[in-house]
Structures are given as structure tokens and as C-alpha cells.
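There are 2 protein chains.
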Amino acid sequence: MESLKDRAQELQDIMDEFAGAKKNASIFVKEAAEKGDIVIGSFCQYAPMEIINAGGMYNVLLCGFNYDPPIPLAETELPANLCPLIKSSYGNILGKTCPFAFYSDLIVGETTCDGKKKMYEMLSELKQMHVIHLPNIPDRERSLESWKEELIRFKEALEERFGVKITDEKLRESIHILNQERSQMAQLYELGKLDPPAATGLQMRSVLTAEYFMLDKKNKLEKTERMLRLMREQWEAGKGPYRPDQHPLRILVSGAGIDGVVDKTIGVIEELGAAIVCYEGCCGIMNMRRPIDESPEADPMTAIADKYLEVPCAVMSPNTRRFEQLRSTLAEWKVDGVISITVHACTPFDVESKTIGDICAEEGVPFLHVRTDYSPGDEGQLRTRIEAFLEMLEGGR
Amino acid sequence: MESLKDRAQELQDIMDEFAGAKKNASIFVKEAAEKGDIVIGSFCQYAPMEIINAGGMYNVLLCGFNYDPPIPLAETELPANLCPLIKSSYGNILGKTCPFAFYSDLIVGETTCDGKKKMYEMLSELKQMHVIHLPNIPDRERSLESWKEELIRFKEALEERFGVKITDEKLRESIHILNQERSQMAQLYELGKLDPPAATGLQMRSVLTAEYFMLDKKNKLEKTERMLRLMREQWEAGKGPYRPDQHPLRILVSGAGIDGVVDKTIGVIEELGAAIVCYEGCCGIMNMRRPIDESPEADPMTAIADKYLEVPCAVMSPNTRRFEQLRSTLAEWKVDGVISITVHACTPFDVESKTIGDICAEEGVPFLHVRTDYSPGDEGQLRTRIEAFLEMLEGGR
Numbered sequence: 001m002e003s004l005k006d007r008a009q010e011l012q013d014i015m016d017e018f019a020g021a022k023k024n025a026s027i028f029v030k031e032a033a034e035k036g037d038i039v040i041g042s043f044c045q046y047a048p049m050e051i052i053n054a055g056g057m058y059n060v061l062l063c064g065f066n067y068d069p070p071i072p073l074a075e076t077e078l079p080a081n082l083c084p085l086i087k088s089s090y091g092n093i094l095g096k097t098c099p100f101a102f103y104s105d106l107i108v109g110e111t112t113c114d115g116k117k118k119m120y121e122m123l124s125e126l127k128q129m130h131v132i133h134l135p136n137i138p139d140r141e142r143s144l145e146s147w148k149e150e151l152i153r154f155k156e157a158l159e160e161r162f163g164v165k166i167t168d169e170k171l172r173e174s175i176h177i178l179n180q181e182r183s184q185m186a187q188l189y190e191l192g193k194l195d196p197p198a199a200t201g202l203q204m205r206s207v208l209t210a211e212y213f214m215l216d217k218k219n220k221l222e223k224t225e226r227m228l229r230l231m232r233e234q235w236e237a238g239k240g241p242y243r244p245d246q247h248p249l250r251i252l253v254s255g256a257g258i259d260g261v262v263d264k265t266i267g268v269i270e271e272l273g274a275a276i277v278c279y280e281g282c283c284g285i286m287n288m289r290r291p292i293d294e295s296p297e298a299d300p301m302t303a304i305a306d307k308y309l310e311v312p313c314a315v316m317s318p319n320t321r322r323f324e325q326l327r328s329t330l331a332e333w334k335v336d337g338v339i340s341i342t343v344h345a346c347t348p349f350d351v352e353s354k355t356i357g358d359i360c361a362e363e364g365v366p367f368l369h370v371r372t373d374y375s376p377g378d379e380g381q382l383r384t385r386i387e388a389f390l391e392m393l394e395g396g397r
Numbered sequence: 001m002e003s004l005k006d007r008a009q010e011l012q013d014i015m016d017e018f019a020g021a022k023k024n025a026s027i028f029v030k031e032a033a034e035k036g037d038i039v040i041g042s043f044c045q046y047a048p049m050e051i052i053n054a055g056g057m058y059n060v061l062l063c064g065f066n067y068d069p070p071i072p073l074a075e076t077e078l079p080a081n082l083c084p085l086i087k088s089s090y091g092n093i094l095g096k097t098c099p100f101a102f103y104s105d106l107i108v109g110e111t112t113c114d115g116k117k118k119m120y121e122m123l124s125e126l127k128q129m130h131v132i133h134l135p136n137i138p139d140r141e142r143s144l145e146s147w148k149e150e151l152i153r154f155k156e157a158l159e160e161r162f163g164v165k166i167t168d169e170k171l172r173e174s175i176h177i178l179n180q181e182r183s184q185m186a187q188l189y190e191l192g193k194l195d196p197p198a199a200t201g202l203q204m205r206s207v208l209t210a211e212y213f214m215l216d217k218k219n220k221l222e223k224t225e226r227m228l229r230l231m232r233e234q235w236e237a238g239k240g241p242y243r244p245d246q247h248p249l250r251i252l253v254s255g256a257g258i259d260g261v262v263d264k265t266i267g268v269i270e271e272l273g274a275a276i277v278c279y280e281g282c283c284g285i286m287n288m289r290r291p292i293d294e295s296p297e298a299d300p301m302t303a304i305a306d307k308y309l310e311v312p313c314a315v316m317s318p319n320t321r322r323f324e325q326l327r328s329t330l331a332e333w334k335v336d337g338v339i340s341i342t343v344h345a346c347t348p349f350d351v352e353s354k355t356i357g358d359i360c361a362e363e364g365v366p367f368l369h370v371r372t373d374y375s376p377g378d379e380g381q382l383r384t385r386i387e388a389f390l391e392m393l394e395g396g397r
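Protein sequences, first through last, are from chains R and L. Heads up: the first sequence begins at 1 in this note's numbering, then just goes up one per residue. Heads up: the second sequence begins at 1 in this note's numbering, then just goes up one per residue.
Heads up, some of the hints might be wrong.
If several chains are the same, the list does not tell them apart, and a pair holds so long as it fits within one copy or across any two.
DSS-like cross-link-like pairs, simulated, lysine-lysine; straight-line CA separation at most 27 Å [what the hints assert, rightly or not]:
no., residue 1, residue 2
1, 127, 30
2, 307, 148
3, 22, 218
4, 35, 22
5, 96, 354
6, 218, 165
7, 218, 307
8, 218, 170
9, 354, 127
10, 239, 334
11, 35, 23
12, 30, 217
Simulated from the structure, these hints should not be mistaken for laboratory data.
Generate the whole structure from the sequences, applying the supplied hints.
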């Protein structure tokens with residue numbers, strides 16, 4: 001019979017597979033493209049994966065998390081004073097250092113922030129692009145209809161370009177699969193609710209990122225299901241990531257576009273002994289909790305549009321949904337402190353960080369806002385600020 | 001009989017009135033507010049003046065062109081790495097240093113760039129605000145209907161809040177008046193076509209700014225009419241701003257949000273002997289040339305929406321209209337060189353400046369891009385760069 005220890009090894013193997021997902025995906029995508037499968041490159045949570053998958057196409061996240069060579073290269077054409085994610089995304093395509101972009105038959109973008117919107121115009125000189133017009137106001141009455149029309153326009157563009165038919169039935173199947181993925185991510189965040197948590201923030205991040213790179217969805221869903229079961233089992237046996245008598249500081253990380261700065265922010269927080277129990281922002285818990293409406297009477301395109309209008313990105317104005325959800329997350333996850341991480345020149349999240357701080361103050365939860373960039377040099381300063389914040393929290397226990 | 005010299009004095013008096021318009025407007029607005037007239041504060045070309053004026057209300061541009069005290073104050077709440085126009089606008093209201101905001105019954109904003117959009121959310125905590133949802137894509141088929149609905153929503157909000165009725169007839173009257181103003185501005189830019197030009201770039205700027213501060217429109221139209229006539233007459237008599245045998249370098253200034261940096265950019269260009277013959281950007285010639293449709297069969301709200309969707313602001317994606325018009329402006333105004341002025345962290349215009357430069361290169365017109373800010377310190381560096389550019393142009397004659 002398989003022992004608890006064997007299953008700990010099995011869990012580790014799954015986590016290794018998630019961690020290696022991006023590397024494996026570049027081989028997967030190359031082979032898929034060579035077989036004639038269609039690959040759609042995307043940059044953002046707003047890319048409607050359900051529509052892409054319903055067309056039998058693969059959706060892959062394009063490279064945008066590294067500094068050198070893409071950023072210095074991008075700065076020969078884009079302003080230096082621009083979000084590193086945008087510069088890195090552009091530079092990786094300009095310099096042909098993103099295999100996913102190389103094999104993409106089409107890149108989909110959305111008119112989210114100023115920087116992306118304007119960068120996409122330049123990118124359309126380099127690659128085939130379709131830009132979806134995202135409204136600025138997440139108010140159903142004012143924006144749902146035009147947003148739905150833009151998604152239909154995108155669906156029709158895929159159908160026409162690739163000679164496929166994206167039926168309602170296929171959309172429903174695709175919605176069902178991606179709803180399972182959302183539900184699993186919500187369950188993973190639930191493990192952070194436990195005290196001590198049954199998953200670390202770095203583990204959560206790794207699974208979250210794998211969403212875009214484990215392109216065999218069936219395998220991804222099975223592995224995640226198993227992982228969730230094993231994590232809980234290990235925790236119940238006192239073999240979770242923290243000792244049962246450990247009560248690490250419970251941190252909520254807030255922000256977006258931070259995949260390029262994981263080591264010097266998220267990594268440092270956990271290295272210093274605190275536990276990231278949940279994430280808040282466009283990839284955070286609130287986006288995972290509510291599934292897309294699968295009821296038979298729901299029109300799938302309307303249901304997709306409705307859900308994507310809920311993505312709590314700071315480009316939305318006002319982003320009321322984010323603020324409401326922040327309050328409930330602070331309470332449910334029993335958060336000791338919030339660390340807002342924004343990348344250089346990300347105006348929407350940077351400005352909105354003030355409101356996040358105000359809400360934390362109202363709820364009596366200490367708050368730290370750090371700004372960083374992909375370029376090296378600020379690791380020491382970030383560590384010092386994070387350390388001081390955690391010490392302050394520790395002192396207040 | 002009135003002599004040419006008397007009329008030169010008359011022209012000077014009118015120009016002085018334009019130059020003093022902002023100062024006089026603060027008294028005008030105070031008195032209007034005390035009489036119970038309704039004052040609407042705005043920030044941008046996208047504020048639909050026709051609708052405001054048709055409601056019998058005054059539209060006034062809010063303060064956002066000075067550095068101290070507003071910017072250091074704004075930076076206590078907003079990121080420092082933000083467009084100075086946005087910080088100054090917010091800081092002037094936060095610190096109550098904008099008389100126009102003080103007397104405004106309502107402030108209207110539009111979801112243009114990220115910075116303004118997010119700043120308006122904070123401003124709505126300080127003042128009554130109405131934010132109009134501007135689409136990102138200036139494509140009539142995709143955006144006109146939802147944009148028109150947003151303008152109708154704004155009209156209805158004014159009607160309800162202030163108990164007025166904005167009829168089609170009033171809208172038509174208001175369109176007619178503001179079309180005259182557009183036509184006059186286009187005529188003023190036409191004076192820049194002459195060689196030597198019959199108006200300086202600083203004079204053009206002064207008249208352009210007065211649009212927002214000479215709130216007695218009848219007086220404004222009469223004075224501008226007279227000014228245009230006098231400028232042409234003086235020029236024909238060899239008494240224009242340049243001697244008849246002078247052929248200054250003909251500069252097109254490109255960009256937006258530059259009212260706060262006039263002295264160290266536009267002022268320096270003309271002080272160094274070059275002539276700004278036209279402007280290009282959201283306040284440039286292309287926006288003035290085409291009037292709003294006044295034909296009896298046109299629905300006024302549709303006609304207004306249609307026109308405002310043409311504002312060639314860089315928040316539009318792609319801003320194709322701007323690029324097309326740039327080419328024709330270069331040819332029509334016989335431009336020797338283009339100077340693109342962008343303010344710090346204005347991502348849309350900064351990124352788009354590359355395309356402006358590319359078009360200039362294609363058309364064989366030398367191009368200079370300068371970035372500046374409201375804060376003092378870069379005057380010397382700007383002057384050196386402008387001087388070098390003008391010398392290069394002079395050498396290439």
C-alpha cells in the first residue's frame with residue numbers, strides 16, 4: 001500500500017510538473033504548430049480563453065516576464081518610462097526571443113491600459129493581431145452589450161481566419177472545462193485559509209501560471225485535482241508546508257503584472273517566514289470564485305461577456321467590485337497584513353493602490369505598498385522594506 | 001479716418017484681451033455662480049461643450065498647468081510618476097487653488113487615459129462628478145452607438161440635476177455657435193500657411209486657450225472675427241509679425257497637454273527665430289476643420305457624437321485619422337521641421353510619437369521629440385536641443 005511518504009513524493013512530482021510547465025509548453029506548442037494546430041498568443045486575463053478553446057485552438061501566454069534582452073531592446077522603440085511587462089512583451093517579439101509568439105498564428109490583445117493599447121499598435125506591424133475593444137466601465141447596463149459584440153466580433157474573426165465553426169455547444173464544453181479550472185484555483189486558495197496554511201504562496205503562484213502553459217487541459221485538471229487532495233491529506237497528517245504548531249504571519253498579496261518580480265517580492269516574503277495566504281487583483285481569488293453561467297437557458301457568449309466584465313483589473317473605473325471583495329478577503333482569510341506590489345509605471349494599479357491602502361486602514365489591517373521593476377538593483381531595498389513590515393506585524397501580535 | 005497704426009493698436013488690444021482671458025474668467029465665473037448660473041468644470045477636448053452650452057450652462061477649463069503648489073500636494077496622494085497635467089489638476093482641487101473648480105456645480109470627465117480615469121475616481125470624493133465613458137477605438141461601426149448613448153446619458157444627467165430641458169433646437173443653436181469658433185480657429189491656422197506667417201504660434205496658442213475662458217461667446221466670436229481681419233490686413237501691409245522678406249523656419253508643433261510647458265518649449269522655439277505655423281494633436285488644425293453636421297436632417301446628438309469621436313487624441317487606438325492628417329498638414333503648411341512635445345508619463349502621446357517620427361521620416365521632414373515636465377530644471381537642456389535642431393534645419397536649407 002502506498003504510504004504517506006510516497007504520496008508526499010507524488011505531490012512533489014506534480015508540483016515539479018507545474019513548475020516546469022512553461023518549459024514543456026514551448027516543445028508542446030512547437031509540435032502543435034508543426035501538426036497544423038492553431039496557436040493563439042495572448043497577454044492578459046481578458047483574453048477570452050473559452051472562445052479560443054471552443055475553436056479547437058491553443059491559447060498560450062506570451063513571454064513578458066524577463067528583463068534582458070527584451071527590455072533594453074524594446075526601449076529602442078518604446079519609452080523607457082513604461083511598464084516592464086509591456087516592454088518585455090514587445091521586446092521578446094521584436095527580438096524573436098519568445099517561442100510562443102513565434103508559433104502563434106494570431107495574437108489577441110485587449111484595449112486595457114494605455115501602454116498595452118499603444119504597444120499593440122506597434123506589435124501589429126510585426127505579427128497578425130486582433131485587438132478586442134474592452135470598455136472602461138464595468139457597469140453591465142452601460143457596457144455589457146458593446147463588450148459582448150466585441151467578443152462576437154473576435155469569435156467571427158477566428159472562424160473566418162481559420163475556417164472553423166465555433167458552435168454554442170463547443171462554447172458550453174469549453175466553459176465547463178475552464179469553470180473546473182477556476183473552481184480548482186478557488187479550492188487552492190481555500191487551502192490558504194487554514195492555520196497554518198496547507199499551501200504556500202509560491203505554490204499557488206506556480207499552479208496559477210501553469211494555467212497558461214499546461215495546454216493539455218485534461219491532464220492539467222486531473223493533476224490539480226490530485227494535488228489538492230494530496231495537499232490536504234499531507235496537512236491533515238501534520239506534513240503540510242508549515243509545522244502544525246507554526247502560525248506564520250498571514251499576508252495577502254495585492255497587485256498585478258508581478259510574475260516578472262516574483263523572486264524579489266513574493267519569494268522574499270515567504271523566505272522571511274511569512275505565509276502568503278491569498279492573492280488579490282486580476283489573478284486573485286475573487287475572479288476564481290464565480291463560474292461562468294452554465295445553465296441551459298444562458299446564451300454562452302452573453303455568459304462569457306458577463307464574466308469577463310468582472311475581472312477586477314484596475315483599468316476598470318471605478319473598480320468597485322475589487323474593493324468589495326478585498327474587504328471580504330481580509331476577513332475570510334484572517335489577513336495580518338497586505339502587501340501591494342505594483343510594477344513601475346503601471347498607472348492604474350499604482351493609483352488604485354491608495355484606495356486599497358485606505359480600505360486596509362478602515363479594516364485595521366496594516367498595509368505596505370512597494371513599487372518595483374524588472375531591472376536588477378532594488379532587491380536589497382525591497383527586502384529591507386518587507387522585513388521591516390513583517391517585524392512590525394510580528395511586534396503587533 | 002482710422003489709420004493702419006490705429007488698427008495695429010486695436011489688434012494688440014484684442015490680443016491682450018485674449019491673453020488676459022483666464023484672469024478675467026475667474027471674476028466672470030464667480031459672478032455667474034453668485035447669480036445662480038450653472039458652471040460646469042472640464043479638463044479635456046472631449047467634454048461636449050455643445051451639450052453644456054445648450055443647457056444654458058458655462059463650460060470652464062479647470063486649472064492644471066502650474067507646478068507649485070498643486071503638484072507637490074497631489075504627490076501626497078497620487079504616484080509621482082504621473083503626467084503633470086493630471087497631478088496639477090488634482091492638486092489644484094485638493095488644495096482649493098482653482099477658482100473655476102470652486103465655483104463649478106459639476107465636473108465632467110471622460111475615460112480618456114489611465115491617469116485621468118483613475119484620478120477622476122479620487123476627485124469624485126472631493127467634488128460632484130460625471131464621468132463619460134469614452135470608447136478606445138474611433139471606429140464608427142464599433143463605437144459610435146455606445147458613445148452616443150454615453151453623451152445622451154450625460155445630457156439627461158444635466159437635465160435632471162439642474163432642472164433644465166436641453167432641446168434639439170438648443171443643441172442646434174449651440175452647435176452653430178461652436179462651429180463658428182472652430183471655423184475661426186481653422187482660419188487662424190490658415191494665417192500660418194502664409195510666408196512669412198501672418199500669426200505667430202504664441203498668438204495661436206493664446207486664442208486657442210481663450211476658447212475656454214472667454215465665456216461670453218458672442219463677444220469672443222466678434223473679437224476673433226475682427227482679429228483675423230486685422231491680422232491679414234497688417235500682413236498685407238507688410239506689418240505682420242515677421243518682415244515681408246523674412247522667411248523663418250516653419251515648425252509644426254505636435255503633441256498634447258503642453259499648456260503647462262509653453263514658455264520652455266513653444267516660447268523658446270519662437271524666441272530662437274523659428275515660426276510655429278500650425279499645431280497638430282488634440283487641439284490641432286485637424287479638429288477645427290470639419291464642423292459638426294448642421295444639416296436639418298441630422299440628429300444633433302448623433303452629429304455631436306460623430307464629431308467628438310474624431311478628436312485625434314492618442315488614447316484612440318489606432319489613431320489613424322491623426323496620421324493621415326499629419327501627412328497633409330506637412331504638405332499644406334510647407335513644414336520645415338516637426339517638434340513633438342510630450343509631457344512626462346503621458347504614455348499614449350509618448351508611444352505614438354514614434355509613429356509621428358516615422359511618418360516625418362517617410363515625408364522627408366526632420367523630427368525632434370522632447371519630453372518635459374512642469375517642474376523647473378530642464379529649461380537649459382530643452383533650449384540646447386531645440387537650438388541644435390533649428391540650426392540643423394537652417395543648415396539644410
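Evaluation of the provided hints:
| no. | hint | verdict |
| --- | --- | --- |
| 1 | 127 <-> 30 | within (17 Å within a copy, 55 Å between copies) |
| 2 | 307 <-> 148 | both (11 Å within a copy, 25 Å between copies) |
| 3 | 22 <-> 218 | within (17 Å within a copy, 66 Å between copies) |
| 4 | 35 <-> 22 | within (20 Å within a copy, 67 Å between copies) |
| 5 | 96 <-> 354 | between (38 Å within a copy, 21 Å between copies) |
| 6 | 218 <-> 165 | within (22 Å within a copy, 60 Å between copies) |
| 7 | 218 <-> 307 | within (23 Å within a copy, 51 Å between copies) |
| 8 | 218 <-> 170 | within (16 Å within a copy, 63 Å between copies) |
| 9 | 354 <-> 127 | between (37 Å within a copy, 18 Å between copies) |
| 10 | 239 <-> 334 | within (22 Å within a copy, 77 Å between copies) |
| 11 | 35 <-> 23 | within (19 Å within a copy, 71 Å between copies) |
| 12 | 30 <-> 217 | within (17 Å within a copy, 65 Å between copies) |
Comparing the model with each earlier hint shows no violations; every hint is respected.
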